[in-house]
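Enquirer: From first to last, the protein sequence lines stand for chains Y and S. Counting in my numbering, the first sequence tops out at residue 497, every number present. Counting in my numbering, the second sequence tops out at residue 347, every number present.
Think of the hints as simulated: they come from the structure by calculation, not from any bench. Incorrect hints may appear among the rest.
In silico contact screen, one side only, chain Y against chain S (beta carbon under 8 Å); selected entries [stated by the list, open to error]: (1) Gln325; (2) Asp326; (3) Ile328; (4) Tyr334; (5) Pro336; (6) Glu337; (7) Glu342; (8) Gly343; (9) Phe345; (10) Arg348; (11) Asn352; (12) Val356; (13) Arg357; (14) Ile359; (15) Phe368; (16) Thr369.
C-beta atoms are modelled at their ideal positions from N, C-alpha and C, and glycine is treated no differently.
Below are the chains, spelled out letter by letter.
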Amino acid sequence: MADEIIRLTGIHKSFAGVRALQDVDLTIERGKIHCLVGENGCGKSTLIKIIAGVYERDAGEMIINGTRYEKLTPIEAIREGIQVIYQDFSLFPNLTVAENIALNEELAEGRRFVNWRNVYRVAEDALAQIDVQLPLKARVEEMSVANKQLIAISKALRQNAQVIIMDEPTSALTEREVRALFSVIRKLEARGITFLFVSHKLNEVLEISEKIIVLRNGKNVSQGNRSEYDNRRLVREMTGHDITTKRYTYTPDKSSEPLLRVDGLSAKDLLYEISFDLYAGEIVGVTGLLGSGRTELALALFGTLSIDAGQISINGEPVKIKSIQDAIAHGIGYVPEDRLTEGLFLERSIGNNVVVRIIDRLRGTLGFTDPRRVNAQIDHWVNALSIKTSDPSLPAKTLSGGNQQRVVLAKWLASEPNLLIMNGPTIGVDIGSKDELHEMMKTLAGQGMGLLVISDDIPELLATCNRILLMRHGRIVEEIQPAQTNENELAAKLIEE
Amino acid sequence: MEETKTKAAQKSLLSRLSGDSYILRLLAITILIFIAFSIVLPGKFFTVRNLQSMAVQFPEFGILAFAIMITMITGGIDLSIVGAANLAAIAAALILTHLGGDGGMSLSLVIPLAMVAALIVGSIAGLINGFLVAKVGITPILATLGTWSLYTGLSYVITGGPAITTTQLAFIGNSSVVGLPIPVIVFALLAVAFSIMLNRTTFGFNVYMLGTNPTAARFSGINIDRVLIRTYWLSGLVASIAGIIFLSRANSAKPDYGASYVLLTVLIAILGGISYTGGVGKVSGLVLAVLSIQFLSTGLNMLMLQLSGSSKAIFFRQFAWGGLLLLVMVINYYSEKWKDKRASEAA
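Work out the full structure, taking the sequences as your base and the hints as a guide.
Expert: Here is the structure:
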């Protein structure tokens with residue numbers, strides 16, 4: 001029998017009457033890489049918080065390193081060598097790299113004065129353990145997401161981590177950073193550190209893990225060795241049904257004027273000589289690494305990035321887009337990359353979020369807002385985009401990622417744009433919902449809308465776009481026909497220098 | 001479709017009621033304060049005379065509270081309101097004394113002229129704040145701290161220090177319509193106007209959205225500069241209305257009138273459930289906060305006077321305001337905690 005470091009059996013947990021976990025079993029074996037997979041809201045986060053001692057389980061048994069715990073506190077979990085790296089990393093952004101890694105120990109030793117030489121030595125050692133070099137005196141807030149993650153790992157190792165649990169570690173990383181992270185993880189695995197990964201990126205799960213645990217709706221679906229799984233099985237077990245993607249093919253009628261023509265668009269140090277056409281009914285993908293200019297292109301078209309040269313034309317008419325108001329006046333909508341800060345008003349109701357673009361049109365007598373017309377619009381869009389909520393007057397933050405994205409989409413669709421720019425249309429959206437969003441995008445294009453999809457999610461690009469523009473260092477370097485490529489080829493092109 | 005529509009309508013009413021647990025608590029506290037003083041001070045507190053006397057007192061700061069409220073909902077604040085109110089009052093007083101004196105223009109002409117001048121001064125003061133906040137991008141608390149000093153300083157320069165006395169507006173401060181003092185009517189009209197504006201206009205909707213998340217507001221196509229300028233303009237305009245009330249009650253305009261009102265109105269706004277981070281706040285909460293502060297002030301004043309027989313009692317007022325604010329915050333904390341606990345026990 002394998003060496004078990006953590007064993008959970010029959011775990012139950014409810015929050016305010018909602019069952020989060022039901023009879024869940026989980027075994028973590030020493031020195032192996034485990035992946036916990038499942039859609040958003042399936043109970044993954046709850047489960048790791050129980051292992052970390054943050055939540056108390058309602059029922060079930062918990063054995064860690066052979067000790068049975070009736071109630072586990074976070075301190076006890078840390079003593080047992082369990083370290084959780086959450087998505088926000090729990091680092092102090094205003095402190096330096098060295099302080100973040102080493103100050104914990106300094107404090108634990110109860111010294112009255114900080115021994116700075118010691119702090120830097122400890123931090124350097126810790127980073128050397130994972131073969132990473134970072135400026136020790138730089139503030140953590142200046143670091144990239146990938147480096148913050150490495151700092152968090154170093155910090156965990158300094159606290160004698162035996163099991164490192166990582167919540168969605170790759171969601172904000174570029175392809176190359178993911179590779180670097182994986183190599184660190186493999187190195188640590190060879191030294192006997194155990195990993196539990198929480199993820200919904202299936203390719204990565206299949207690549208890195210040795211053991212896979214699938215959860216759906218708070219219940220175990222399966223648990224086994226990596227070799228027993230493939231992409232199809234994971235999708236089926238996570239969603240409960242098979243998902244087959246159809247590609248989107250569309251050949252625009254090029255005798256008419258293009259909906260959008262971009263000619264020689266340049267912005268200092270960000271964009272160089274960008275030219276392309278987009279016809280009504282097309283879904284054009286724009287891909288590239290972070291920093292390739294893909295987001296800058298979107299922002300330039302939406303009027304928030306000023307351009308130095310070049311011409312944008314809408315339906316053959318040259319236009320100037322200097323502000324968001326200009327962009328909107330020309331029928332351009334923008335679904336931003338960061339839904340939570342740029343797309344949604346989290347504390348406002350779902351309904352408020354849906355009608356924010358059109359509230360001015362929903363006026364009745366004397367020019368005052370007509371609540372009946374407002375409610376009719378809200379009901380219409382909640383139904384049309386199947387936004388799953390018991391009540392549209394609840395705050396938008398109560399929704400899952402996929403439903404939040406539908407709210408952002410509804411907000412724009414309500415104002416009937418001709419061109420919709422979607423930056424990362426399904427980031428943080430679970431598989432089932434992702435597929436439905438893709439179908440919606442195809443339907444919108446079918447109705448004559450033009451879509452510009454900015455994404456580095458390769459399966460997404462191949463499933464939705466009729467052509468893909470590849471960007472590198474602020475330039476469009478290639479136009480790719482999805483029918484003439486495959487995932488591996490496109491992935492290779494994406495990371496090519 | 002039909003079914004979901006009615007469901008949405010019902011739910012929104014229901015959640016509107018339950019979502020207002022804060023305002024319900026504030027209502028209970030206001031009524032409690034009123035009843036308690038009526039019992040402790042028999043024949044003194046709950047009398048027509050006292051009610052009327054309170055009714056001329058609270059509109060002074062109550063009106064200013066609307067200015068603080070609207071700026072706080074956008075996530076900002078306007079510390080210059082009292083400065084703007086006094087500057088507006090001084091402008092009105094100058095017109096009244098120079099043009100409306102003996103042998104001057106007729107009162108029916110000079111009074112409207114003075115009022116319009118006050119409103120224009122308030123508007124300009126507000127627009128300056130709006131420009132600084134929206135276009136220059138100065139943090140509201142700093143921008144309006146600066147303009148507060150600017151407007152107050154300007155008032156000193158104009159008057160040279162002493163008050164400008166005029167009794168021509170006294171009729172506003174002293175007379176009543178069907179038993180209601182005019183300042184209360186002005187306060188009530190503003191409450192209705194703000195309520196309609198916040199709930200039933202595009203501007204009001206945008207104010208809440210902007211206060212909740214300025215970035216998302218910008219990306220949703222809301223012209224946030226325009227909303228902010230309008231907000232601070234309104235704040236200045238409301239301040240000048242308060243300035244006219246100051247002048248009509250005190251029969252004089254001076255640069256340092258009501259200096260304590262700035263922090264008092266911030267306290268009232270927070271007590272009224274208006275979030276200092278923006279996006280949250282209702283007229284009903286603000287009105288209840290104004291009333292409870294007034295009841296508390298008058299009641300304690302009478303009580304302390306009765307107990308100590310000394311006029312020092314008036315200093316107890318400010319202590320009580322702070323106490324009330326903290327009490328409401330503490331009650332709030334425990335009732336939310338109790339609600340959470342009950343919700344998890346129900347599970």
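Enquirer: It remains to establish, for every hint, whether it holds in the given structure.
Expert: Comparing the hints with the structure gives:
1. Hint status for Y:Gln325 relative to chain S: holds, with the closest Cβ pair at about 6 Å, below 8 Å.
2. Violation of the interface hint for Y:Asp326 is found here, the shortest Cβ-Cβ separation to chain S being roughly 10 Å, above the 8 Å cut-off.
3. Below 8 Å, beta-carbon pairs count as interface contacts, and Y:Ile328 has one with chain S at about 5 Å; its hint therefore holds.
4. Annotation: Y:Tyr334 was flagged as interfacial toward chain S, and the flag holds, the nearest CB pair being 7 Å apart, inside 8 Å.
5. With its C-beta approaching chain S no nearer than about 5 Å, Y:Pro336 sits inside the 8 Å limit, and its interface hint holds.
6. This hint is violated: Y:Glu337 has a C-beta 10 Å from the nearest C-beta of chain S, more than the 8 Å allowed.
7. The restraint placing Y:Glu342 at the interface with chain S holds, with a minimum CB-CB distance near 5 Å, inside the 8 Å limit.
8. With 8 Å as the threshold, the beta carbon of Y:Gly343 comes within range of chain S, its nearest partner Cβ sitting at about 6 Å, so the hint holds.
9. With a cut of 8 Å, the hint placing Y:Phe345 at the interface with chain S holds, because the nearest CB-to-CB distance is about 4 Å.
10. Restraint check, Y:Arg348 versus chain S: the minimum CB separation of about 5 Å is within 8 Å; hint holds.
11. Because the beta carbon of Y:Asn352 sits about 7 Å from the nearest beta carbon in chain S, less than 8 Å, this interface hint is met.
12. A least Cβ separation of about 5 Å between Y:Val356 and chain S falls short of the 8 Å threshold, and the interface hint therefore holds.
13. Contact between Y:Arg357 and chain S, as hinted, is supported at the beta carbon level, the nearest pair being about 6 Å apart and thus within 8 Å.
14. Taking 8 Å as the C-beta cut-off, the interface hint given for Y:Ile359 holds, the closest approach to chain S being about 5 Å.
15. Of the supplied interface hints, the one on Y:Phe368 holds, with its beta-carbon coming within about 4 Å of a beta-carbon of chain S, less than 8 Å.
16. Hint on Y:Thr369 holds. Least Cβ distance to chain S is approximately 5 Å, under the 8 Å limit.
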